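Given next are the chains, with one letter for each unit.
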Amino acid sequence: MWCEVVSLLRSLGSALVSYFDAKKKRKVAEIYQALNSDPIDVPKLRRMAISKGGLLTDEIRCKVWPKLLSVNTDNLPPLPAGKELRQDNKDYQQVLLDVRRSLRRFPPGMPDDQREGLQEELIDIILHVLKRNPQLHYYQGYHDIVVTFLLVVGDRLATALVEKLSVHHLRDFMYPTMDNTKQILNYLMLIIDQVNPEVHDFIAEVGTIFALSWLITWFGHVLSDFRHVVRLYDFFLACHPLMPIYFAAVIVLHRKQEVLDCECDMASVHHLLCQIPQDLPYESLISKAGEIFVQFPPSKLTKEAAQAERTAASTFKDFELASVQQRPDTVLRQRFRERMRGEERLRGEERTKSILTKPRTNRFVKLAVMGLTVALGAAALAMVKSALEWAPKFQLQIFP
Amino acid sequence: MAAGDAESSLELSLTGSGALPGALPPARSRIFKIIVIGDSNVGKTCLTYRFCAGRFPQRTEATIGVDFRERAVTIDGEHIKIQLWDTAGQERFRKSMVQHYYRNVHAVVFVYDMTNIASFHSLPSWIEECKQHLLANDIPRILVGNKCDLRSAIQVPTDLAQKFADTHSMPLFETSAKNPNDNDHVEAIFMTLAHKLKSHKPLMLSQPPDHDEIHIKPEPKPITSCWC
Ligand SMILES: Nc1nc2c(ncn2[C@@H]2O[C@H](COP(=O)(O)OP(=O)(O)OP(=O)(O)O)[C@@H](O)[C@H]2O)c(=O)[nH]1
Ligand SMILES: [Mg+2]
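Keeping their order, the protein sequence lines are chains Y and Z. Residue 1 is where the first sequence starts when you use this note's numbering, and the numbers rise one by one after that. Residue 1 is where the second sequence starts when you use this note's numbering, and the numbers rise one by one after that.
Any given hint could turn out to be false.
The calculated lysine to aspartate or glutamate pairs, modelled on EDC-like cross-linking and capped at a C-alpha distance of 20 angstroms, are [what the hints assert, rightly or not]:
id: 1; chain 1: Y; residue 1: LYS23; chain 2: Y; residue 2: GLU283
id: 2; chain 1: Z; residue 1: LYS81; chain 2: Z; residue 2: ASP184
id: 3; chain 1: Y; residue 1: LYS182; chain 2: Z; residue 2: GLU91
id: 4; chain 1: Y; residue 1: LYS52; chain 2: Y; residue 2: ASP279
id: 5; chain 1: Y; residue 1: LYS25; chain 2: Y; residue 2: ASP58
id: 6; chain 1: Y; residue 1: LYS256; chain 2: Y; residue 2: ASP279
id: 7; chain 1: Y; residue 1: LYS24; chain 2: Y; residue 2: GLU283
id: 8; chain 1: Y; residue 1: LYS52; chain 2: Y; residue 2: ASP41
id: 9; chain 1: Y; residue 1: LYS90; chain 2: Y; residue 2: GLU120
id: 10; chain 1: Y; residue 1: LYS63; chain 2: Y; residue 2: ASP38
id: 11; chain 1: Z; residue 1: LYS81; chain 2: Y; residue 2: ASP265
id: 12; chain 1: Z; residue 1: LYS95; chain 2: Y; residue 2: ASP179
id: 13; chain 1: Z; residue 1: LYS196; chain 2: Z; residue 2: ASP184
id: 14; chain 1: Y; residue 1: LYS182; chain 2: Z; residue 2: ASP76
id: 15; chain 1: Z; residue 1: LYS95; chain 2: Y; residue 2: ASP91
id: 16; chain 1: Z; residue 1: LYS198; chain 2: Z; residue 2: ASP76
id: 17; chain 1: Y; residue 1: LYS90; chain 2: Z; residue 2: GLU91
id: 18; chain 1: Z; residue 1: LYS81; chain 2: Y; residue 2: ASP58
Simulated from the structure, these hints should not be mistaken for lab results. Source: prediction; values computed, not measured.
Kindly produce the complete structure, drawing on both the sequences and the hints.
This is how it looks when you write it as structure tokens:
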């Protein structure tokens, strides 16, 4: 009898495994299909990067990340010799200090000489990007982002991706001062206020410094499991540059009970929140961040807070520009507005629930639509164009 | 701010030199908030870790923004929480971020690296910044030269540092977060500060006058020579 139960369970287990295997295989196939279609189906790649499991393997990431950032991988320029870069470089000393101390970012079993080689590459990538873009200023934590790219895609491709990322997504952190960064941190408060005013009022007392390292390293500095880091990077690369701050808000909201139980002072809250639990339910938090983003996009937040438009202006000017021309986005907002009206003014807890119980089906599609408006500077125009090309068709699918 | 790692995590409730085992904690202990500032790489994280965890961290990472460590001590029978705010050394962080950390600070520790003269030359700008942020003028401040274990690499002579400390009316301590024999010393430095705070009336309201009776070895006195 017992044996039968065990064998039943076993076969059930293996059935589950093969179910997930099959699902994963299907996703891999879909991703390759998107990669191989002509032109490459970037919107679909975005959806894949956002949806459950993200891009699954580093091999796929090497192929898809460049597409998400519109980086041409055909003729990557060779890297200049490190020696030249290091001479008379104003950032070299700080970069060196930070990279030397970044041992924890490398896989635990990696032989020392291999790690040291990668650390040298890491320094060179950073200096190279900074040298080519004198408007960018190095910050402690930038190296935590660059190392992620280095470990996943290797130095040559990493250089190209990081450069693109730096002049767009990260540029607000790289001004001579961190004023813009501070303003982005204010978004954290705006988002939390929308979802849960009680938590907002609590946090307002203690400030947002706890989220600084989350934001400017895209969580690379605070998560010890590299798999979680790259999963988040899939998500962030496919979305609007402000998505990391939405994700930060979701983490705080996820832990709201602990937060509210804490003493309301900067130290206690800082301490609590800085210890990110390593077993966070990443997939569901990603979904929540996406839902909140759709419901309270940055433009809406700023409007509601009657904030100066200067806030992180550089980052989402392109976004605003793009979204004006983009029907799906407008439609989305409308839908949510109507929905909100229909549901009456739900406050706090209930409002959160309403966000979290939105139908799952179209979320990734919507997010991918939003993701299209990722600020890509020179590339933005082309991006918007391609968005318009597929959007009408797409829209039919979303809103039958 | 890294998680999941002892080096960067908060050390809660390590008992201090004079904790009474089994004694009930008081309803609410006083908190001394001390901010630790100085250039990148001078060893702020190591020093605060040494005090709160009792050892030199195996490895540290660049501090991003601010980290926070805490230790409970007992001074003259009173339970006190010493909160150390370990700040990022990179200049850009202090420009727009650091005001937050200065809120309600009770004392300031300036740190330089004895093997790096540049970190010593940065001190005036740290002191200036601190002046701008702190409303009260009489907040206790101390100067700490770190890494005195690296004897052959010393670039900042003690007499130079002492002169500087005198000009700014701060006590000077030369120490090492690393040298295992210096555990007591790092401890002594922070405990000295805690004593000073305990008897610092303007900041600590509603405290009866107290007589410091705690004895720490080695005696924490502002020094002119390294205890390595
Ligand atoms: N020999 C020696 N090395 C030390 C000592 N204290 C710190 N170090 C080393 O100095 C380096 C910097 O130490 P940290 O504590 O990370 O420096 P920090 O001041 O916190 O730097 P930031 O976080 O960048 O501002 C590390 O490699 C430490 O191992 C010391 O007393 N002796
Ligand atoms: Mg530090």
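Structure-based check of all given hints:
1. Straight-line distance between C-alpha atoms of Y/LYS23 and Y/GLU283 comes to about 16 angstroms, which keeps the hinted pair within the 20 angstroms bound.
2. Between Z/LYS81 and Z/ASP184, the direct Cα distance comes to roughly 19 angstroms. Compliance with the 20 angstroms bound is thereby established for this hinted pair.
3. Distance restraint check for Y/LYS182 and Z/GLU91: the Cα-Cα separation of roughly 15 angstroms lies within the 20 angstroms cut-off, and the hinted pair is therefore satisfied.
4. Using a Cα cut-off of 20 angstroms, the hinted pair Y/LYS52 and Y/ASP279 holds, with the two alpha carbons roughly 16 angstroms apart.
5. Between Y/LYS25 and Y/ASP58 the CA atoms are separated by roughly 15 angstroms; this keeps the pair inside 20 angstroms, and the hint holds.
6. A threshold of 20 angstroms between alpha carbons decides the hint, and for Y/LYS256 with Y/ASP279 the separation of about 16 angstroms falls inside it, so the pair holds.
7. As the CA atoms of Y/LYS24 and Y/GLU283 are separated by approximately 15 angstroms, the hinted pair is consistent with the 20 angstroms bound.
8. The straight-line distance between the Cα atoms of Y/LYS52 and Y/ASP41 is roughly 19 angstroms, inside the 20 angstroms bound, and the hint therefore holds.
9. With a C-alpha separation of about 17 angstroms, the suggested pair Y/LYS90 and Y/GLU120 falls inside the 20 angstroms cut-off, and the hint holds.
10. Between Y/LYS63 and Y/ASP38, the direct Cα distance comes to roughly 15 angstroms. Compliance with the 20 angstroms bound is thereby established for this hinted pair.
11. Taking the CA atoms of Z/LYS81 and Y/ASP265, the gap is about 14 angstroms. The hint holds against a cut of 20 angstroms.
12. Restraint check: the Cα-Cα separation between Z/LYS95 and Y/ASP179 comes to about 9 angstroms, which is no more than 20 angstroms; the hinted pair holds.
13. The suggested pairing of Z/LYS196 with Z/ASP184 holds, with an alpha-carbon distance near 18 angstroms, which does not exceed 20 angstroms.
14. Using a Cα cut-off of 20 angstroms, the hinted pair Y/LYS182 and Z/ASP76 is violated, with the two alpha carbons roughly 42 angstroms apart.
15. Our distance criterion of 20 angstroms between C-alpha atoms is met by Z/LYS95 and Y/ASP91, whose separation comes to about 17 angstroms.
16. Of the supplied pair hints, the one linking Z/LYS198 and Z/ASP76 holds, its CA atoms being roughly 10 angstroms apart against a limit of 20 angstroms.
17. For a cut-off of 20 angstroms, the pair hint linking Y/LYS90 to Z/GLU91 stands: about 13 angstroms separates their Cα positions.
18. With a C-alpha separation of about 46 angstroms, the suggested pair Z/LYS81 and Y/ASP58 falls outside the 20 angstroms cut-off, and the hint is violated.
Comparing the model with each earlier hint shows violations of hints 14, 18; every other hint is respected.
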